[in-house]
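Peer 1: Line order of the protein sequences matches chains A and B. Residue numbering for the first sequence follows our numbering, beginning at 818 and increasing consecutively. Residue numbering for the second sequence follows our numbering, beginning at 818 and increasing consecutively.
Just so you know, the hints here were simulated from the structure itself, not pulled from any lab data. Accuracy of the hints is not assured; some may be wrong.
Put simply, identical chains are the same to the list, so a pair is met inside one copy or across any two.
[Unchecked claim] The calculated EDC-like cross-link candidates involving lysine to aspartate or glutamate, where the alpha carbons are at most 16 Å apart (straight line), are:
1) 1082 / 1107
2) 1082 / 957
3) 858 / 974
4) 1151 / 1107
5) 861 / 975
6) 1021 / 984
7) 1082 / 1047
There are 2 protein chains.
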Amino acid sequence: MNSDRRRTTIKDIAETLHLSVSTVSRALQGNPRISKETTEKVKKMALSLDYSIHGPAAALRTGQGNNIGVIVPRINRQFFSSLIGGIEQVLRTNALNTFIYQTQESFENEQQGVQAMLNAGVDGLMISLSIETQAFDHIERFIRSGRPVVFFDRCMEDSSLSCVMIDDFNAAYQMTEHVLANGCKKLVYLGGSEHLMMYRNRRKGFEQALLDHHIQPSDVHIYENSLTREKGYDITRQLIETGQTPDAIVSASDFSALGSILCLKEAGINIPEQVCVTGFANELFSEVMDPSLTTVEQHAREIGMKAAEIMVRNIKGFSEIETVLIPTELIIRKSSLRHR
Amino acid sequence: MNSDRRRTTIKDIAETLHLSVSTVSRALQGNPRISKETTEKVKKMALSLDYSIHGPAAALRTGQGNNIGVIVPRINRQFFSSLIGGIEQVLRTNALNTFIYQTQESFENEQQGVQAMLNAGVDGLMISLSIETQAFDHIERFIRSGRPVVFFDRCMEDSSLSCVMIDDFNAAYQMTEHVLANGCKKLVYLGGSEHLMMYRNRRKGFEQALLDHHIQPSDVHIYENSLTREKGYDITRQLIETGQTPDAIVSASDFSALGSILCLKEAGINIPEQVCVTGFANELFSEVMDPSLTTVEQHAREIGMKAAEIMVRNIKGFSEIETVLIPTELIIRKSSLRHR
DNA sequence: TAAATCTGTGCAATCGTTTTCGCAAAGCTA
DNA sequence: TAGCTTTGCGAAAACGATTGCACAGATTTA
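With the hints as extra help, turn the sequences into a complete structure.
Peer 2: If you want it as structure tokens, here you go:
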């Protein structure tokens, strides 16, 4: 075991240099009250003694760790991992560490995660809610602790909280217009969980576009909670088998769109000539699959960076609330581009 | 500002309950020396006062935070994010938090990351080295602090340290055999940076398979440092243009394989009948691209879990060193499967 | 019945830093 | 030269939790 290893502290430095701990502490912080020579000596000694500041102790004294908690549903989704990449980069350049916790989309895990962050003494919380989350006591508890909270992507609907998300409504609206402009008339929509704002907004964008083109949303198939590859496949198969094959499948996820495409190809239906298919999120595979998938780029990394910037500003004392919509980008590929 | 918000401490609980802080502390820990009633009362009060333990303070006293630092090159690579997912899950079930730091493949960032972990007072370090890393003072410094280090995927070559990685040699060997069994004779190999053990091992596996089938490695094109999509494309294009089109491209990455495939398709060369292409890593896109890509599944999540388990055991005091090879899985798809 | 043990609690030191206050010596002003 | 400011540093009290030791009262043992 290594229990004999004691870390070097400023006290050690103080003793070998015949100085007081206060002087050493100040020297390390570059306090101008300490002479240049002393400061030099201290820093040199710190280096040669392998000293590194004990964060927790400093945190205890100052009441400020330099840690930000980040809670996401899953880390191994391209969208979230890119987003976290952006967060981490911004936080790091502001001398803040990033604590990660993934909920696996479970409400219980999310509660535990927030508690873990509370215990860890993080200075702020950045969170994207799990799909299951419909109660917010855990979040409110954190807020009561007086530290900033910034939501991203999946937010609590409370305008007194900061939130960075994409412009789902417009993205879906534009996508739908694109499909209609291609001459499609009989659409099907694969949507997500209605209690998440983002999925509601996408559906609303879809419906608004229909309305604006004189189509009654009630006349089209709208599926809820259908964003997995399997659901996309099954729903498409069922539509084909019951003779209700649409001429466009607009999906709120690349995964369900992928499922649809695989099914259509199996059935020998031509994409996009007979059926246009569109997705959402610009997953890595959507560019290279066959046919390449029309989708929406969400600029995940930017969302993360923006959210982290808001957090940093809050930490620094400017307690402003901000709701930011990051613009999306329509990426038109073969799965929806008809030759006419 | 919220500077007036003070967190509730065990002292607050003690005062409202007319108990001593020691009793409260013990009650919260479930110490059997405290009577059931008192313990009950304390826990109830803790709840109603929104109390949460101050980790840093406890860490200071006990010398044990519950934090593990994880340093990876990039978080938004499927491989690493899945791996981190595995780490996070195992650590969490052992009441350990996960600190994330990404180096962006930069040595300087890596040094800073290790320092940040040192300062944060993590109890252990899990790290996958950046491509640039060739010096190890920063790692050795951490080791000197007496806390466990576990490497994964990209390890320091020092048998006195724990490391979890995939069996690159065998994976490449099997892949090469598969290609040869398909009747390919004129191979090209796209490899990575030779100073990383993993890429060396893949190349060695490739060469050994050649030797075992009576082909001289010196007779085949072996490219170093060629694992991006662009490199794959460019090299392939050059081979075609100079009339050296091979009948198989064995690549140490799915990305370069993708580049090769795009180029071959553009040139109207049939895959796999004229040229077989294989990748490495089973990226999300490789299954759904056209043609689907033969590759190697690395079981990233398992690597992460295994590494985390070793870490947990070290934290608990069993300071055993372990080197683990996680077996890979050959995934044969259309890009290399000839009909004969 | 005296001694030993057990139960439930409190006191106070401690972890490594930061920071307020204070003080002596040196430099400056007039 | 008397008084004032600056410079450079130290003593000691925090921060919140843990824990070895002590101790009083109740219970058991011999």
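Peer 1: Hint by hint, say whether it matches the structure.
Peer 2: Each hint tested on the structure:
In this assembly of identical chains, residue 1082 and residue 1107 lie within 16 Å of each other by CA distance both inside one copy and across copies; the values are 10 Å within and 13 Å between. With identical chains, the CA atoms of residue 1082 and residue 957 are never at most 16 Å apart, being 48 Å at best within one copy and 55 Å at best between copies. Taking the closest pair of Cα atoms, residue 858 and residue 974 never come within 16 Å of each other, the shortest separation being 54 Å inside a single copy and 36 Å across copies. In this homomeric assembly, residue 1151 and residue 1107 come within 16 Å of each other (Cα to Cα) both inside a single copy, at 8 Å, and across copies, at 13 Å.
Neither within a single protomer nor between protomers do residue 861 and residue 975 lie at most 16 Å apart by alpha-carbon distance, with minima of 51 Å and 30 Å respectively. Proximity of residue 1021 and residue 984 under a CA criterion of 16 Å is satisfied intra-copy only: 12 Å inside one chain copy versus 50 Å between copies. For a Cα distance limit of 16 Å, the shortest separation of residue 1082 from residue 1047 inside one copy, 15 Å, qualifies, whereas the shortest one across copies, 30 Å, does not.
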